[in-house]
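There are 2 protein chains.
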Amino acid sequence: VGANSVGSSKEAPDARLEAELRRTIRDVPDFPKPGILFKDITPVLLDPALTARVVQAMAAPFAGAGITHVMAIESRGFIFGGPVALALGAGFVPVRKFGKLPHKRVSETYALEYGTDCLEVHADALNDASRVLVVDDVLATGGTAAATCRLGERLGARIEGVSVLLDLSFLSWKQTLGGRRAHSLVSF
Amino acid sequence: VGANSVGSSKEAPDARLEAELRRTIRDVPDFPKPGILFKDITPVLLDPALTARVVQAMAAPFAGAGITHVMAIESRGFIFGGPVALALGAGFVPVRKFGKLPHKRVSETYALEYGTDCLEVHADALNDASRVLVVDDVLATGGTAAATCRLGERLGARIEGVSVLLDLSFLSWKQTLGGRRAHSLVSF
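Those protein sequences? They're chains C and S, same order as listed.
Numbering-wise, our numbering puts 102 at position 102 of the first sequence, and it's gapless, one number per residue.
Numbering-wise, our numbering puts 102 at position 102 of the second sequence, and it's gapless, one number per residue.
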């Protein structure tokens, strides 16, 4: 399998990048709780040449989509969101946990395994002329990515897609994101 | 005044960039609590050309310092840390709040106005061959930046300096950082 893509267009898989990511991403058992095998991407970040390729590969499928803004999801999404926004010449819009953003904002509450969480974006960051790429490191349940898409849509923006480093294909993100276009460099 | 620099070398001030940042950074009164005037950098991030200049200006003073790693401080430091690391060809080392990093880590507790906080780094991210630039968005009390420097030093790394977008010159960061080199693009 190559790069994982859902939606209307096909991307050429970058099999070499995918193989290198599989070698580099580290399994951490029992984190954050017993029975969970955590995919630790920090070894990728230690390699600047690999990180540069990841950023290019996360941005490239959306280079022709007229992206005006990247919505990046706190906190690990910020790591890739900054460079992807610069690669696309797009503005960077931080999507943060409740209470962190200082100016007027809109909020979206979404379900977790137990309880709920809340994400926020500045109300004046996007409007109906905005074409948005959502960036995070990992797609798992898709709950935070879908909430981020809804935040953008509530401000009138058009969500062109979601771009991540890796996705957990056994989890429910495809259902949660519905028909939205999603792009991942490696699936586990 | 131009770019603010403390330490052994003088940087040429970029007065135009500084003026543009003063125009773009937004004051939010009474955030996060009454009486605090918050400097909101998110309008800078909405402008990709300005953000690209900020990243270059944050990296440039350290381009000849042989930086091997950028330690970026969660969460807003991640936004600039990613692009600055790529600009310097350096690895990216996330410094995170307690309990967020999955692998073996070292911790540093530091004082806040009320109580304490704790930052962590992966123990295998740095060693005595590492030359580190610490990146965050704002220098205020300097407490998180100093704790990050100590984390790096405990792993044997040499801290070459601290680079931020803005500093609050009326606060105590100069004392807190001691003789460490710090670079800021605009002071308030």
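Take the hints with a grain of salt, since some may be wrong.
If several chains are the same, the list does not tell them apart, and a pair holds so long as it fits within one copy or across any two.
As the list claims (entries may be wrong) - As a list, the in silico PhoX-like pairs of lysine-lysine whose alpha-carbon atoms are at most 25 Å apart:
no.: 1; residue 1: K174; residue 2: K104
no.: 2; residue 1: K39; residue 2: K97
no.: 3; residue 1: K97; residue 2: K33
no.: 4; residue 1: K39; residue 2: K174
no.: 5; residue 1: K39; residue 2: K104
If you are wondering where the hints come from, they were derived from the structure by calculation, not from laboratory data.
Each hint, compared with the structure:
Proximity of K174 and K104 under a CA criterion of 25 Å is satisfied in neither setting, with 31 Å inside one chain copy and 32 Å between copies. For the identical chains of this complex, K39 and K97 are neighbours both inside a copy (22 Å) and across copies (18 Å), given an alpha-carbon limit of 25 Å. In this assembly of identical chains, K97 and K33 lie within 25 Å of each other by CA distance both inside one copy and across copies; the values are 22 Å within and 17 Å between. Taking the shortest Cα distances, K39 and K174 sit within 25 Å of each other inside one copy (19 Å), while across copies they are farther apart (39 Å).
Only between protomers do K39 and K104 lie at most 25 Å apart by alpha-carbon distance; the minimum there is 14 Å, versus 35 Å within a single protomer.
The structure fails to meet hint 1 from the earlier list, while all remaining hints are met.
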